[in-house]
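Mind docking these for me? Both chains are given alone in their own frames, and the hints should help you get the complex.
Chains A and B are the protein sequences, given in the same order. Numbered by the numbering used here, the letters in the first sequence go through residues 1 to 336 in order. Numbered by the numbering used here, the letters in the second sequence go through residues 1001 to 1291 in order.
Take these hints with a grain of salt, some might be off.
Derived list of chain A stretches under chain B, where covered just means 3 residues or more per stretch with a C-beta under 8 Å from a C-beta of chain B [stated by the list, open to error]:
#, region
1, 125 to 138
2, 172 to 182
3, 191 to 205
Everything labelled a hint here was simulated from the structure, so no lab data went into it. Ideal Cβ placement from N, Cα and C applies to all residues, glycine included.
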Amino acid sequence: MIQACRWLLLAAALVLLPQAAYTQKKKPPRGGEAAPPVTAPAGGAGAPVSADADADQPAPAGQTPGAPAADANAGVVDICQITPDAPQCVNVKEVNLGEEAKKPVRAEIYAVEQQYVMKAGRFEIQPYWEFTLNDQFVSHNGPGLALNYYITQVLAIGVNGNFYEGLNEDSDFNFQNRRSARIAVPLNQYQAAGDLNFTYVPMYGKFAGFGDFIFNYDAYIDGGGGVIRTRPEAIIDPNNRKFDWNNLINFDVGIGLRVFFSRWLAAGLEVRDMIFFDKLESLTVATGPTTPATAANSPLNPNTWYDNNTHFTNNVQLQVGISVFLPTSFDYRLPK
Amino acid sequence: MKLRFVTAILASVVSAALPAWERTAQAQEIELTGPLKGAPAVRHMRLYREGRFEIAPAVSFTLLDQYRRTILVGARLNYNITDWLALGAWGAYAPDAFISTTDLSDQIDRTAPRDALTAVNVNHTGTYPNYGAAPFQDQLAKLNWVVAPQLTFIPFRGKLAIFNKIFVDTDFYVAGGVGFVGIQERANCGEGGSELVCSDPKSFTLQSTMKIAPTFGIGLTFYPGDFWSLGVEYRALPFSWNLAGFDSRGSGPNGNFPDTKVNGEDETFHFNQLVTITVGFSFPTKPKISE
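Chain B with its partners taken away, still in its complex shape (with noise of 0.2 Å):
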């Protein structure tokens, strides 16, 4: 008797259960009366994207750099497939006009020793006893070029109102993709071999080489005409350089100190963030409207 009682509570209970989860699924319905029944949200929406190819020449600024500034010229191409997906690429290269070196870097070459203690690390144009000041600059790791194939997602867009006179449509968009990055960095030394010793004038050249990195940014487009566009973009490209040339790890506890080699062990981890500015040109010249 008590077990077919509880029995049969046990089947309220799930009886009573099961058409509570269908509730949720009723609450959710509305009822959508009047002319905006069926409607879109917004009518005769410009679609400044879909269907659209999109050339952007660009200009790109590094920040938070520490040895050296860079600002890179180069476009970025898009297809827009949808009006919240594009597939495309970035590429950039820096002229060595465009690349200067920050007070750091000025106040290292002006003021740094060059002896022994230092022979490692900084750049001289001679050897024990006679060191003598080579510009510093030298050895400092350069970025040369970026191509980076990506995928623009672009989750919101809609209107700003600027000094309440100037009405301009505004899209937000995240883009991600792979970098392959050009750049320049002291070359390895120390090693023995064909390596030079690092305290030799000569090791402190630069080497050109390639980093394969993510590369994501996000950013705003602006479009004052249906032809073309104005964008601002951050961008992160974040790889592991050495870009001082300095011999900083790879002996002691963990490899935290200077083994009189310099190689991988003594690239550290950047974030190189840039801002990029854009003025697009997209084709087909007319936007598409919504219905």
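Pulled out of the complex, with its shape left as it was, chain A reads as follows (with noise of 0.2 Å):
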């Protein structure tokens, strides 16, 4: 019992040795030490900031003269006395704030002084799962993924591929509205679709969730042409019709919006709309004899599949997606 008394205190002083060493105070400076010479990085204005380095930081003295600039300094020029080769000890040189201080101030201030995401000159890969929001008979659920460059911070070019075949699903709605009032609806599926695109970001902002945390966003508007590829479902002939993908021309318009959960990586919601004229299966049946094939009346012929005209059609899909910026670390020009 005594023995194990004595593990017992000797556990206890183990592990209160540490917790001892977290209530230390911090030391003083040691007195008569001269204090160390204010510092500051040497790059200007117009050297770049990395994102990187926390862009919530206070800036360099040599940009912001202040009194918290120098607290800030203090601990740069700690980290030089151990390690001058660290890589914000170089080009590092001594200034005097009171001369920076009397230095013309640019009054200018931006609402938003520091974009959270530079965009210009990355790369945005997107992957993303589409939902069809107005086919009531047929939906054309399924994946796709966008490729953007961006030119400048609020315009890029880019291409989007989106994949249907095997996904195509006939909706009960369909079926129930076939069977109460006698009438066939013509149905189309799609394959796959292409799009050469512009996105223009007009709008980015932030919202603060619950008074605790801030996370940034920006909406964006896109637009574009391509090919999709869609055929009918033979429904009002299915024994002699046999329908191959064609290939359509199509615009697409959209509107997005993009929550970040770093600078490289983001959550994106877009609707966008597929607008093209789709080929229907005709409604009427050819009567004529079944050969030869080609005959222009035959049921057979695949000129006798498709109706007369072509349909407007606006193929409109909720896209849930992430974006992965390329590049994944940047530099702002300016500091915040």
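So, in structure tokens, the structure goes:
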């Protein structure tokens, strides 16, 4: 029993040792030592500032004169005394805060000083899943991928592709409607689509969530054109009609929202309308003989399978995905 | 001896583990010094909501309509208890002039046969064998009015920059409540007694009824000024109703086949989505400013 008590005391002592270290107060500076000179990085206002260095930190003293900067730079000096070859210690020179304070201050202050994410010159990879919003008869859900290159902070050029084949789904509503009203509605399936797009980002901002955290977002519009491959489902005359995929020109416009988790990762939500003139199955069946199949009024002649008119179609889809910006880091041209 | 040793080891482990939990709490302490110590996250913030009444005339548009499109005009009333919680109601009414048919309804009206096979489901004028065409839209259900007491939760607020020139305060909200929905749908028929036979042309008339359904929505409010705001909201109002007045269920396996009766079994679940645009006016006209 006595041995157990000794073990317990030993264990308690071992546990308390590191805790004692936690509660030590910060040692005051040694008496008699001169205060280290106030220094700041030599980079001027035009030097890039790394976003990864955390833009929320106070700006260097050379760029924003003021007392708080002195504290920040004192830390820099300490580090430089220990490791003079550290990156932040290279090209460090002494700054006279009194002289710096006399310099004229550029009074212009931007409402949003630094955008959280700089996009110019970066690639965006945007995988997403799309959901049909406006087709009551056949849903065209499927995966998609967009690749964009930002020419400027607000303008990008890119391509996107959607894949639908095997994922087109006939709705129950369609069946109920057909059975009750005895009418057949021509249905079309989509295989894939590809578009060349321009993206414009006119809006950005930030939200405070629960008064506790801040997240940044931007909103964009995009538009372009490309090709979509569709084909009718054989509803009216399934015994004779077997449709091939048709290449159709499409135009697309969209509006989207991105919420940034970091400077290179965002969640995206977009509503996109793909506009094209679709070729639908003919509601009438040719009544001629089946042989020869190429006869003008043969039900086996593919020329009799399609409606004479093309039909203006809006395929509105909701796209939910993520955005990855490459390279993952960037430099600000101006400090915060 | 062995038992004591094991006891001692266990006691040591427990002793070591207990303060390890404490360390987690210690790590949460942030010692903030300097001029920001104790300062609020945002100073002089306009509290657009706290303590203010809001009346917001609203126009709502139904989405993904199968047979009818509806535009509802109404208003939202809110009292904002805090900047993040409001209590209020949304109400809207759809005049007949604001209710139209979809292209599908028009096509059915034009092309659906009026015969013995469709006599229960498609409006007609006569009886066997002389079925004449009657307007299909007369049997389509209508969404007439909605009243929805609701709570609004505003978790996010911030600002939005447009074209790098216009800056507007914005908040994001989630609203939820109970919707009392006035609809008209095809009256029950085919049960016998006082009910008409469903192939009777008179059975295609609509009957008013009320549905009680949950309602929830998300929205953005933009504050261009202290007194007024603009809003856009997406709302769902899910409940079951018989949009086309068809007899589609009631007999056969799982009741999935028509039974020549129109009743509650023929109602199908719909999410009933709307997008609403509001212009809000808040009282008092000046918002509070935080410290």
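Results of checking the hints against the structure:
| no. | hint | in the structure |
| --- | --- | --- |
| 1 | 125 to 138 | holds (count 3) |
| 2 | 172 to 182 | holds (count 7) |
| 3 | 191 to 205 | holds (count 4) |
Consistency with the previously given hints is maintained throughout, with no hint failing.
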